[in-house]
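Protein chains in written order, with this note's numbering: chain A, 1 to 236; chain B, 1 to 236; chain C, 1 to 214; chain D, 1 to 214.
Simulated from the structure, these hints should not be mistaken for laboratory data. Every residue, glycine too, gets a C-beta built ideally from N, C-alpha and C. Misleading hints may appear alongside valid ones.
[Unchecked claim] Now the in silico label distances, taken between C-beta atoms and shown as ranges:
1) D:Arg204 with B:His205: 55 to 65 Å
2) B:Glu218 with C:Gly41: 22 to 32 Å
3) C:Ile28 with A:Glu99: 18 to 28 Å
4) C:Pro57 with D:Pro58: 19 to 29 Å
5) D:Gly124 with B:Arg142: 28 to 38 Å
6) B:Glu218 with D:Leu66: 15 to 25 Å
7) C:Asp62 with A:Ser234: 50 to 60 Å
8) B:Arg142 with D:Glu203: 27 to 37 Å
9) A:Arg142 with B:Phe139: 42 to 52 Å
10) A:Lys92 with C:Asp62: 38 to 48 Å
11) D:Phe37 with A:Pro7: 26 to 36 Å
12) B:Gly199 with D:Glu43: 35 to 45 Å
13) A:Lys73 with D:Glu8: 49 to 59 Å
14) B:Gly199 with C:Pro19: 15 to 25 Å
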Amino acid sequence: MIDKRCPSVAEAVADIPDGATVMVGGFGASGSPIELIHALIDHGARDLTVINNNTGNGEVGLAALIGNGQVCKMICSFPRSSQSKVFPELYKQGRIELELVPQGTLAERIRAAGAGIPAFYTPTTVGTVLAEGKEVREFDGRPYVMEPWLQADFALVKCEMADPVGNLTYNKTARNFSPLMCMAARTTIVQARKLVPAGGIDPEHVVTPGIFVNRIVEVTDPVHEDLLIAAGRSYP
Amino acid sequence: MIDKRCPSVAEAVADIPDGATVMVGGFGASGSPIELIHALIDHGARDLTVINNNTGNGEVGLAALIGNGQVCKMICSFPRSSQSKVFPELYKQGRIELELVPQGTLAERIRAAGAGIPAFYTPTTVGTVLAEGKEVREFDGRPYVMEPWLQADFALVKCEMADPVGNLTYNKTARNFSPLMCMAARTTIVQARKLVPAGGIDPEHVVTPGIFVNRIVEVTDPVHEDLLIAAGRSYP
Amino acid sequence: MSAGWTREQMAARAAQDIPDGSYVNLGIGIPELVAKFVPEGREFIYHTENGMLGMGPPPSEDERDLDLMNAGKKYVTALPGAAYFHHADSFSMIRGGHIDVCVLGTMQVAANGDIANWSTGEPGAIPAVGGAMDLVQGVKNIYVITQHTTKTGEPKLVERCSYPLTGLGVVSRIYTDLAVVDVTARGFRVIELAPGVTFEEVERKTGAPIMPAE
Amino acid sequence: MSAGWTREQMAARAAQDIPDGSYVNLGIGIPELVAKFVPEGREFIYHTENGMLGMGPPPSEDERDLDLMNAGKKYVTALPGAAYFHHADSFSMIRGGHIDVCVLGTMQVAANGDIANWSTGEPGAIPAVGGAMDLVQGVKNIYVITQHTTKTGEPKLVERCSYPLTGLGVVSRIYTDLAVVDVTARGFRVIELAPGVTFEEVERKTGAPIMPAE
Chain A
1 MIDKRCPSVA EAVADIPDGA TVMVGGFGAS GSPIELIHAL IDHGARDLTV
51 INNNTGNGEV GLAALIGNGQ VCKMICSFPR SSQSKVFPEL YKQGRIELEL
101 VPQGTLAERI RAAGAGIPAF YTPTTVGTVL AEGKEVREFD GRPYVMEPWL
151 QADFALVKCE MADPVGNLTY NKTARNFSPL MCMAARTTIV QARKLVPAGG
201 IDPEHVVTPG IFVNRIVEVT DPVHEDLLIA AGRSYP
Chain B
1 MIDKRCPSVA EAVADIPDGA TVMVGGFGAS GSPIELIHAL IDHGARDLTV
51 INNNTGNGEV GLAALIGNGQ VCKMICSFPR SSQSKVFPEL YKQGRIELEL
101 VPQGTLAERI RAAGAGIPAF YTPTTVGTVL AEGKEVREFD GRPYVMEPWL
151 QADFALVKCE MADPVGNLTY NKTARNFSPL MCMAARTTIV QARKLVPAGG
201 IDPEHVVTPG IFVNRIVEVT DPVHEDLLIA AGRSYP
Chain C
1 MSAGWTREQM AARAAQDIPD GSYVNLGIGI PELVAKFVPE GREFIYHTEN
51 GMLGMGPPPS EDERDLDLMN AGKKYVTALP GAAYFHHADS FSMIRGGHID
101 VCVLGTMQVA ANGDIANWST GEPGAIPAVG GAMDLVQGVK NIYVITQHTT
151 KTGEPKLVER CSYPLTGLGV VSRIYTDLAV VDVTARGFRV IELAPGVTFE
201 EVERKTGAPI MPAE
Chain D
1 MSAGWTREQM AARAAQDIPD GSYVNLGIGI PELVAKFVPE GREFIYHTEN
51 GMLGMGPPPS EDERDLDLMN AGKKYVTALP GAAYFHHADS FSMIRGGHID
101 VCVLGTMQVA ANGDIANWST GEPGAIPAVG GAMDLVQGVK NIYVITQHTT
151 KTGEPKLVER CSYPLTGLGV VSRIYTDLAV VDVTARGFRV IELAPGVTFE
201 EVERKTGAPI MPAE
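Next comes chain A alone, as it looks inside the complex (with noise of 0.2 Å):
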């Protein structure tokens, strides 16, 4: 039987290299793979160009592994929070880069790639400096941006449910750009809360069909960012 299965965190992500391009999971701490994240910042890779509609809290998960250091550009639509000191201060120092991308056309460029689609039109942004530089183009006398794919090495990603085929659930809003990551990188690593055998997923609840998916690792009590950040931790 297929098996996609893969004993732990630090495994799953010991092939990412420097210089990777990452996406990860999660719409600020909900859906946040933090385990996976901080498997990645024991593992040490440098120069990552990530991607994920925030730049992190606290000093936990996405903000540790900023603050560590290892990422060179972030991809994201809101880079800044109440409890995001990390990302700021960096970017000030013009010590990390930063591309900006209204929420929606991030999502649609990450599922493009996943998709196929090398390039699209949307109304978002036009007349706005963020269309600065960018085609714009109209259809029935409106005008539309065109927008590229937005593709990654690999996706780092928080599930419910998965089978060992990877197909995946996720809960509730933590479900967010995970599924559309999943679709857009080479290699998608997930951490699941519950492991089910083949079969344990009803087909038609299915939200990320296997073949979207490449590792899993079965973390079952995973922490939750805003209880860390809670909790005053930080990351190493």
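Given chain A, put chains B, C and D in place with the hints provided.
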């Protein structure tokens, strides 16, 4: 409470005007909303442009709608099959127009309409007669064809379960184009095998969120095209 | 000088203009208050960009689910009939014109419907746009709730936005502490004054020509 | 003249070249037979365009579900680990390069990898393309299974396709009743002959220059 239920298939389709563009769910017999199509035959709207993967089978459902002279143009990927006689005859007589669209492009054009994407690029059809007259453009050295969205006035769709808010689930491969058509049509009309109260569908299992649905008719024991054809039936 | 409408009253006034059964997306801040003032006999279905329709009020401490939050990253609940979906589907709802009303806060709105609510454009500031540009382009009706002026008394309703734009010509109606103002083809027009507020006060505090109610 | 490989033997030979764990899409006709000859110790996961991964063999009469069919509109089953999805997701798998192998029948294949398998181009014929053009552009490896010649003896492996193309330069390997043929940068090359078949016979029945096995 929001309630999109409609008492009958006849009332559900009563405002479809002559000249409308109508998407019809289903892939071959699977997922074909036969009762809604037959109601449309009874209703009698003419000069319809119909979007479906095929052109119907036998002399029921979509084939009957075409046979009744109500359709002036079909947009589909595969207009013939072992049991489709109606369309081929009209087509050879020059009495019905055909826009042939590859299946994946058809699906993506419908999704694009629902997603507010007026055009996108696809590698499909590059270098073939189906790309003639279309814009071809290179991305990363590979040629792609530009394709526009495909909108519709109405969608007729069959689903498995529906709640009054319009959340839908489907049955197995009867899902096919239907969730996309729900997104792309100005008015989406659904026949549901089973109506459940709001909350009767787990929010994690919703395939089509209610925002894409306008009217729901319960058809508890829908006929299946394959069985009608096997029984030699025709409509009206 | 009158006190005009409170934040709650502004939200309640906006809620009056949203038809029953609307799909509604509420921005962070005063717009969120709209959900507290749904008129009797109406029901709105709330969309949140991070992948949910049928969003309900904040949970009590013990019903809180850390994986159930809104786009403002606040914990919320799911009402019967809710649905979860991924970000591409969520923004298909926005970009595809399926959401009826979006109520947003703003820094500036111009007489031609331009809105600037994402960046002050200050050098060194960290730009953050989120879903704002998608919402203003995609949602059918863009309503703005805002104080009529800034804390320092500068008008927020202006002839031309000086801050970087979020979208061009997208706002149709503005609810301030002083008035309800429509964006018309000929510019701002008051359609209702807060109790005790005069048109002259509104005119004085507006940074562009404004027409009185007809 | 040898009988060469049977339809089943062609399918079995193709199956040998598909690695364990591959995601596979099988065209209608001889390609479907590949599923009967999966080599010992390997497992393929079958994709069908109409929205399913993990497709299993045809059902018995009493386990048949009218809503569970493949792209050829034949009834099928779902194996443990199957998933259903809509058409846009299904063709994202195809167009996005997620499917490893597609095995197709054909009318013609050219020495440069062009394939023509959707239309004879006859005037008056009803064109029907289905998912063929998506598959040949999107799937990583396009294999063709076909008789080496038409029923009337015309070569199907040709210098240039005379029928309307499905895709350009996409085919990498061809399994015929006479040989396994690779499409290389320098044209056709035999990599294996069916038992009792000579290279000369293959060469004679091929409509383009062809190189012998090395």
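For each hint, the structure was consulted:
Between D:Arg204 and B:His205 the beta carbon distance is about 59 Å. The supplied range of 55 to 65 Å therefore holds. The hinted range of 22 to 32 Å is satisfied by B:Glu218 and C:Gly41, whose Cβ atoms lie roughly 26 Å apart. At roughly 23 Å, the beta-carbon separation of C:Ile28 and A:Glu99 lies within the given 18 to 28 Å, and the hint holds. Take C:Pro57 and D:Pro58: their Cβ atoms lie about 51 Å apart, and the range 19 to 29 Å is violated.
Between D:Gly124 and B:Arg142, the C-beta spacing of about 35 Å keeps the proposed range 28 to 38 Å intact. B:Glu218 and D:Leu66 have their C-beta atoms about 19 Å apart, which keeps the hinted 15 to 25 Å range intact. Checked against the hint of 50 to 60 Å, the pair C:Asp62 and A:Ser234 fails, with Cβ atoms roughly 29 Å apart. Our hint of 27 to 37 Å for B:Arg142 and D:Glu203 holds, since their Cβ atoms are close to 34 Å apart.
For the pair A:Arg142 and B:Phe139, the beta carbons lie near 23 Å from each other, so the given range of 42 to 52 Å is not met. As the Cβ distance of A:Lys92 to C:Asp62 is approximately 40 Å, the hint placing it in 38 to 48 Å holds. The hint said 26 to 36 Å for the Cβ distance between D:Phe37 and A:Pro7, and at roughly 33 Å that hint holds. Separation of B:Gly199 from D:Glu43 is about 40 Å and conforms to the stated range, judged on CB atoms against 35 to 45 Å.
Roughly 54 Å separates the CB atoms of A:Lys73 and D:Glu8, a value that falls within the hinted 49 to 59 Å. Evaluation of the 15 to 25 Å hint for B:Gly199 and C:Pro19 yields a pass: the beta carbon distance comes to about 24 Å.
Violated hints, listed in ascending order, are 4, 7 and 9; each of the other numbered hints is respected by the structure.
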